[in-house]
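**Student:** Based on the hints, put chains B, C, D, E and F in the right spot on chain A.
There are 6 protein chains.
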Amino acid sequence: MTNESAAPLDAAAIETLKGVTTATLTTILLKKGLRNVWIRGAMPLRHRQERVVGPAFTFRFVPAREDLATPASWGSPISTRAAIEAMPEGAFAVIDAMGIADAGVFGDILCARMVKRKSVGMITDGVVRDLEGVLGTGLPVWCRGAAAPPSVAGLTFVGWEETVGCGGVCVIPGDTIVADRDGAVVIPAAVLGDVLKEAPEQERMEGWIVDEVGRGEVLPGLYPMNESTRARYDKWKDSQ
Amino acid sequence: MTNESAAPLDAAAIETLKGVTTATLTTILLKKGLRNVWIRGAMPLRHRQERVVGPAFTFRFVPAREDLATPASWGSPISTRAAIEAMPEGAFAVIDAMGIADAGVFGDILCARMVKRKSVGMITDGVVRDLEGVLGTGLPVWCRGAAAPPSVAGLTFVGWEETVGCGGVCVIPGDTIVADRDGAVVIPAAVLGDVLKEAPEQERMEGWIVDEVGRGEVLPGLYPMNESTRARYDKWKDSQ
Amino acid sequence: MTNESAAPLDAAAIETLKGVTTATLTTILLKKGLRNVWIRGAMPLRHRQERVVGPAFTFRFVPAREDLATPASWGSPISTRAAIEAMPEGAFAVIDAMGIADAGVFGDILCARMVKRKSVGMITDGVVRDLEGVLGTGLPVWCRGAAAPPSVAGLTFVGWEETVGCGGVCVIPGDTIVADRDGAVVIPAAVLGDVLKEAPEQERMEGWIVDEVGRGEVLPGLYPMNESTRARYDKWKDSQ
Amino acid sequence: MTNESAAPLDAAAIETLKGVTTATLTTILLKKGLRNVWIRGAMPLRHRQERVVGPAFTFRFVPAREDLATPASWGSPISTRAAIEAMPEGAFAVIDAMGIADAGVFGDILCARMVKRKSVGMITDGVVRDLEGVLGTGLPVWCRGAAAPPSVAGLTFVGWEETVGCGGVCVIPGDTIVADRDGAVVIPAAVLGDVLKEAPEQERMEGWIVDEVGRGEVLPGLYPMNESTRARYDKWKDSQ
Amino acid sequence: MTNESAAPLDAAAIETLKGVTTATLTTILLKKGLRNVWIRGAMPLRHRQERVVGPAFTFRFVPAREDLATPASWGSPISTRAAIEAMPEGAFAVIDAMGIADAGVFGDILCARMVKRKSVGMITDGVVRDLEGVLGTGLPVWCRGAAAPPSVAGLTFVGWEETVGCGGVCVIPGDTIVADRDGAVVIPAAVLGDVLKEAPEQERMEGWIVDEVGRGEVLPGLYPMNESTRARYDKWKDSQ
Amino acid sequence: MTNESAAPLDAAAIETLKGVTTATLTTILLKKGLRNVWIRGAMPLRHRQERVVGPAFTFRFVPAREDLATPASWGSPISTRAAIEAMPEGAFAVIDAMGIADAGVFGDILCARMVKRKSVGMITDGVVRDLEGVLGTGLPVWCRGAAAPPSVAGLTFVGWEETVGCGGVCVIPGDTIVADRDGAVVIPAAVLGDVLKEAPEQERMEGWIVDEVGRGEVLPGLYPMNESTRARYDKWKDSQ
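Chains as they are written, first to last, in my numbering: chain A, 1 to 240; chain B, 1 to 240; chain C, 1 to 240; chain D, 1 to 240; chain E, 1 to 240; chain F, 1 to 240.
Keep in mind the hints are simulated off the structure, nothing from the lab.
Since this is a predicted model, take the numbers as computed values, not measurements.
In this list, chains with the same sequence are indistinguishable; a pair is considered to hold if it fits within one copy or across any two.
Think about it this way: if two alpha-carbon atoms lie no more than 30 Å apart in a straight line, the pair counts; the simulated DSS-like pairs of lysine-lysine are:
{"no.": "1", "residue 1": "LYS31", "residue 2": "LYS235"}
{"no.": "2", "residue 1": "LYS116", "residue 2": "LYS237"}
{"no.": "3", "residue 1": "LYS197", "residue 2": "LYS31"}
{"no.": "4", "residue 1": "LYS116", "residue 2": "LYS235"}
{"no.": "5", "residue 1": "LYS32", "residue 2": "LYS18"}
{"no.": "6", "residue 1": "LYS32", "residue 2": "LYS197"}
{"no.": "7", "residue 1": "LYS32", "residue 2": "LYS237"}
Chain A on its own, in the form it takes in the complex:
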């Protein structure tokens, strides 16, 4: 990454990214050589979940050990409770559960508190517990599914705002997370500026192509565009 293009994830940037599919974002990142930015296995918990955008706030778990992972540990200063209280408004919680699916990272109580703290969403390579309660809080969640056992049955919480792995991807606090019905992509902070510049045009172009297919155009020459198609597209774009 010689071409750094850091940009703040301000309200305008969030607005822009809300209009771009993760399909388009992964395509743009691939062109920049970033292939491993797709969080595997985390799907939206809610049917017809809207797209959510926010800066990553990370939580790190390791596997449970009986001497550490006890209900008593919930009161420790290094607890998920303390971490949640440290979240800034608008943050996207990214929870490294090491893929453990036998115990839920959070249930309704913690999700309800995250909503109060104006978290925009939560993603984990683990699962949630009390599915119905979690859906009831309204928090947008991406995860591998649900399991009732409490986190201490399978997980030990070790810290927050560290670099983590989540669904096979490295996430650094402050990276941007965009999640929609396909799942979630990580935009490294250093390339956010470039992505913000290129994404709207890519979306417009793909939208035009879909319309062309709707008009009966054949694929070769259209997608990707050959020169004559591009000329037609440029003409259309100028006319907008």
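**Tutor:** Then chains B, C, D, E and F, alone, in the frame of chain A:
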């Protein structure tokens, strides 16, 4: 388990457990040192499935062998048909499919008969076949999904009312199964009495905490409760 | 397979198969010794998807290699685009993605074009991208799920109308694919004739058995039928 | 299996099978329509392990539950200890561990006792503990590897001489197990007679083909044999 | 863990543990309620590897991201090189590779340096690269296998001496690692004292039992011991 | 890949590559942006296997279907036998078994014939059968292990010299395969020239670094080299 507390799973017990989430039950069991009681990978087949409670009635399958697993075997005295006819009213069928997902344990015909026999539900670490037909019978089902091939394509039935493994958990006939939207938990017979005693209070306490979060309380000191929170809670409880 | 019974998959055959569940078809094929005809892991993308029938038109991918799998490759003569333009009307696209789930085989643009070309459906042991867009095209799709990254992030396309593996099953161009809510079955061309002959009777018989169960009949002697049950059934059938 | 051919696994049968590779045996069983007879994932623990043959004596485990799987349970009447004392001389222990690899089914003490009881070998789809101790007993073992934790850490023993699943295969007490450096095959009791009749000829034929390849013969026409090759082979066989 | 028994891992403690199998240690830890202390999947790289004991010194990796995991990153202050230079003499390197097996955590150069720094061993839930070179350094290694690609092809290093997960187990810097031919166990610092006290007696007792089995004793009453066996054992112990 | 550097894999090139570890080759390929060139899961069958180099000659299998994968199919013109007879001298057989491990791709007869045809080696993401026989032929083999069942029990052969996937990597006929004790790497034809140029220098440099570590040098500044280290190295190189 020095502290045995067997209790009958009578109508009152079922009524009590219908009001307790599997999330709460697994928490209570964890406090008793029971960590491996969550049936992995079995999710409700029906959208918005209600909670179901019943005593386990077990079925055991092993992998298919071409000389044994044939349509002809369906007529043998050791058959799933005979097992279903042996089920008492109110039983929860627990089917050990050794996690095999290439052949459905049961389809619409057997599920329809289980409904007739007043089975309250069925859970398997395998899959069902003829998803639409099974849903049509109204039987509450927890499983890993669906596959059309008949059981004999991948499974050989060997017996019923034996101790089995299901989703990584040991189930003994007569244990209590509670299943809801998160999945299913096994309550060993010896601890049922204690669970019945503790569960309603745990539910009430967690409900009060959710309400406190809704009023804007912060997590530390609330969940788990510190002394002053507990005093507030006790006062509230007395006032009910 | 000494007993060859090839038959054309004409409009009448398609009509017949649309009335037969994949559960019934896999049972019939099993009786003919065909156990490995069930495409594993590919489930309908759309809720309440109707049954779809068509001749297999195959696509073959191998894992991505950075020197081959580039956006530029989309314009190559051996491209998914060229393959789609080669599909005859009524074909069922069968896509061998080697089970890779980190990149979507197709998104909305290619699915939209397949609809224009009157493809009846698509099945893959991989995933699609732009779930919402793909659903918007109306193409019936069976797959393992969704992932936003473009195919070139994980897959290299190598050809079409070759014998492929899909979901652990061998598919030869021209085999018949029948897919419903359980998933999809492959009917080898050589046995289509026999299957067409036997399937409607099997469906009728199972339907009658379901009705008998509804009337309170016990399973032993009913399913499978003993002689007296068969006599009753034959009488009923004659009366229709 | 219309063609039943049960035969006793007497000393002569054992001697015959000791001279036949599992590769040849699986080929013969495949020709009889038996495809699922290969125990998956169980490899010989000892380097250059000789072939071992014996009748299956089965052990069945289910996953551990903390109230059942305790060191105290080792003294229960339904224990692995009691099962070992029930083994007849010459038996091949087949241990269904449900594929659990986190706890060893047996260590040096139980294996040493099995040697004393003249067990010919042991196979499991789980692992052993105290690898060095187990090797020291001299018992031939096929397994998935080693793990130090005692069986009660992951497994609960439930009974012996039941039909079990082991490595994805159904094993019935009394079936014949043949294990060599490739792993292990199950010969169902009903086909043992036929296998004993066909195996030596198959071995001789394959040996002759290997020699022919050594002499520079090309594969087509040799393997499988065409008519002229078979004539040459028959002549050679007559000359022996 | 109310019963804390921290003890220093001094030379005497190491000497004691070198004489105790991991099979015995996991049994002792299980009796203390510690079930999840076995590092899964990490086997000794060298044939007939001797037992190794040392305090854990942890390394943490997350999945590679193309903008971070580059050969250039090897020169960063947060690098595996800096971590190795920070290791005290006698340390046991514990490397959290998140189970990634497509890139080797270390090769011959880093292992050679660890030998120079008097590291006693290394364990990872990932793999090493340049198997032959690593064996040549003489460093005792436990891992899942080998893969040639450099760590940056699949992994990003993020820090050292943090609490990590390794092979499904939580490891805290300073915990004791004991590894032998079965694999490796973690002894939490707080229970080391108790383990040191109980382990030698457990070893002696199991050794005596093995000898008894060698003399032809039957298992029931011997293992676990009944009262009369214990009396015999106590007498023998007194006579030593 | 803008920088094409195709070169013939002649005797000199093979000689060069025999002196380069797969660890070094994957490092060089990574620097060229080629990350997915490591064949996963295929390890040398023989202890202390020497490095082998040759051009890929591909075989493609799909899963077995009972109507296709029969012993009779071994005589078909599209058979593994015909493919082996088509192999040129010096070829490295690359066998796409779709990762199926339940049936061996080849046994002793076919491997013996490959030796006669002067094949230099064989690699598969599946397994071999008749381990002892295969080792007896002397053919260098990389695979996932062994299983006795014949290929037709799990696999159908569909063709040779096609682009295939093997162990998660795309292999095109004529790519160069280098395999050693770590496993195997694919060098795409287009970059072979560059690799041949850079590899010997990389090996020399790493060898010098290993020697420096042996002399007690610390890692930072040495690996990767800082300027003063590079000057020392260059001086040493000039002195050779």
